[in-house]
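Student: Based on these hints, arrange chain B on the given structure of chain A.
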Amino acid sequence: MKLSRIIVSIFCAAATALAAGPKNDGIVLPVSAATQLLIPAAASTPGANGTFFRSDIAIVNFAPRDQMVKLQWLPQSGGTGALTTITIPARSGIRSADFVATILGQSGLGSIVVTGINPDSSRDLNSQLYVSMRIWTPQPGTTGTTSQSLPAIPSSAATTQIAALFAVGGADNPSNYRVNVGIVNLDATNAQTFQISLPSAIGPQPPSIQVTIAPMSMQQVGVGNGLSPTQQVLIQNVTGGTTQSNSWIAYGSTIDDVTGDAWSELAVAGTTQ
Amino acid sequence: MKSAFCAALFICLPAVAGVVQPLQSAPQLLIPAAGSTAGVNGTFFRSDIALANLSDHAQHIRLQFLPQPGGASASASIVLSAHDWFRSDDFVRTQLGVTGLGAFLISGTTASGDLDPTAQLYANSRIWTIEPATGGTTSQDLPAIPPPSNNNQAATLFGVGAFGARFNVGIVNLDPVNPQTFSLFDQSLAFLTPVPPPVFMTVPPMSMEQMTWSSGPNVFPRLVIRNETDAPKRTTAWIAYGSTVDNTTGDAWSELAVAGAVP
Chain A
-2 MKLSRIIVSI FCAAATALAA GPKNDGIVLP VSAATQLLIP AAASTPGANG TFFRSDIAIV
58 NFAPRDQMVK LQWLPQSGGT GALTTITIPA RSGIRSADFV ATILGQSGLG SIVVTGINPD
118 SSRDLNSQLY VSMRIWTPQP GTTGTTSQSL PAIPSSAATT QIAALFAVGG ADNPSNYRVN
178 VGIVNLDATN AQTFQISLPS AIGPQPPSIQ VTIAPMSMQQ VGVGNGLSPT QQVLIQNVTG
238 GTTQSNSWIA YGSTIDDVTG DAWSELAVAG TTQ
Chain B
327 MKSAFCAALF ICLPAVAGVV QPLQSAPQLL IPAAGSTAGV NGTFFRSDIA LANLSDHAQH
387 IRLQFLPQPG GASASASIVL SAHDWFRSDD FVRTQLGVTG LGAFLISGTT ASGDLDPTAQ
447 LYANSRIWTI EPATGGTTSQ DLPAIPPPSN NNQAATLFGV GAFGARFNVG IVNLDPVNPQ
507 TFSLFDQSLA FLTPVPPPVF MTVPPMSMEQ MTWSSGPNVF PRLVIRNETD APKRTTAWIA
567 YGSTVDNTTG DAWSELAVAG AVP
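In order, the protein sequence lines correspond to chains A and B. Under our numbering, residues -2 to 270 are what the first sequence spells out, in order. Under our numbering, residues 327 to 589 are what the second sequence spells out, in order.
Watch out, some of these pointers could steer you wrong.
Unchecked claim - Calculated Cβ distances over 12 Å to all of chain B for the following chain A residues: (1) T42; (2) G44; (3) Q73; (4) I83; (5) L122; (6) N187; (7) I193; (8) I199; (9) P203; (10) P204; (11) G219; (12) S225; (13) Q233; (14) G237; (15) T239.
Claimed, not checked - Chain A side only, calculated, beta carbon under 8 Å to chain B, not exhaustive: (16) Y127; (17) S129; (18) S146; (19) V255.
What the hints assert, rightly or not - To give a feel for the contact side, a few chain B residues facing chain A, derived at Cβ under 8 Å: (20) A378; (21) W411; (22) T464; (23) S465; (24) P473; (25) T574.
If you're looking for bench data, these hints aren't it; they were derived computationally from the structure. C-beta atoms are modelled at their ideal positions from N, C-alpha and C, and glycine is treated no differently.
Same shape as in the complex, but just chain A (with noise of 0.2 Å):
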């Protein structure tokens, strides 16, 4: 039997402020609350062998007042975006095991951005936002799921050309993990291209992949399946021209062939070991 979980919660929570974290040449990101917010990776998509995955998703507002909140959603290129809005009531939060779905409408593998708003729909630079979230699918054959989670970050973290995934190969058998690079292209006019590269110290460098983003779109890539535990994925913005953006993200995604453990890790922004 599939078993399919629809939540959704109204909380209460509170804030008096918002302390930013250290930081450490950019590198450091700060995730958890902030005045806008870029959730990498949300979806309702149907996947593999009886798989359906989901977002989980926590939205608290801090404030001691009511919050709108504009909910964007970036699909993956050639999807169409949507905006919703929400009102979150002082130091409340809403919790969706269907985000997607149930909250925006929507369907497919995307990203969001959660953003603070006044009445007038301007960005509301009080605003304090906290988000969770993590992406779950039942697990055929089982009563139970799988799932992974990917840390919602403030969207004025993406200030990069080039970033580095260090910990994306399967750890134990590296042939039985497949990775995913997904990059967020959060330009709102132009396009981008990205190259992702898979640098060798010994042997032949593995051809690298190019992958153009629509402007507020994801698009995720397989990067197939045996990396070495020590492969290092570079990610690195070959738009050129005056059009190059340095507003986005890339996130890693591994996943066990065998049982659908999956784990994921956010480029380290600026590196280029």
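Tutor: Just chain B now, kept in the frame of chain A:
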């Protein structure tokens, strides 16, 4: 297909501060839960940790294992070349030669062992085990964060719990001298009469403790963790996390408690 729907309105908590959590690199990083330890039903949990030196100079690094009460603490020093990194799928055992569950503190140091504020360390961590029935794995991530030094007295977990899952809560006490006593209370049950009493947990200095939380029929606890230690000895250097584990598949996820909730 079975479908379940829940909606609930909860009473408010006052006051949260300092909820932005830096995640990726810093001179010093804390991994709240790490280990190399046998679990039930043939599982064996290990920590898969990648550690990078992002600075342009060689970096001395001190690794400290802060065990659960009764466990063995351990430390070791390594040097990582400029812009170098390594990864181990059983980091605690291979780097420190110890087993058990605990927290893991990674500090950039000078050659003489003092903290190096210029260190730029990055760590990525997850705990994993072979799933005996399949030969595949199950795992959960926990972010490496700069050690908390100014946490408020209380913190709250928001995104934990699920149907058919168990929920563990862990607390790391980074005070080098004083044990700390914490109360744990499911705020979402505060409407009950009588109100369920809090659970108390005392964590020794430089140590961590993890317990399974029992919320009865409430599968979505909103757990407030409050440091109840008397003020002269109360530390702000602590952190809590929640870990939810699917009872059927071992699927698991974690959340750091949002610091600053002051009921």
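Student: Output the numbers, in ascending order, of every earlier hint that fails for this structure.
Tutor: Violated hints (numbers, rising): 12 and 24; every other hint is consistent with the structure.
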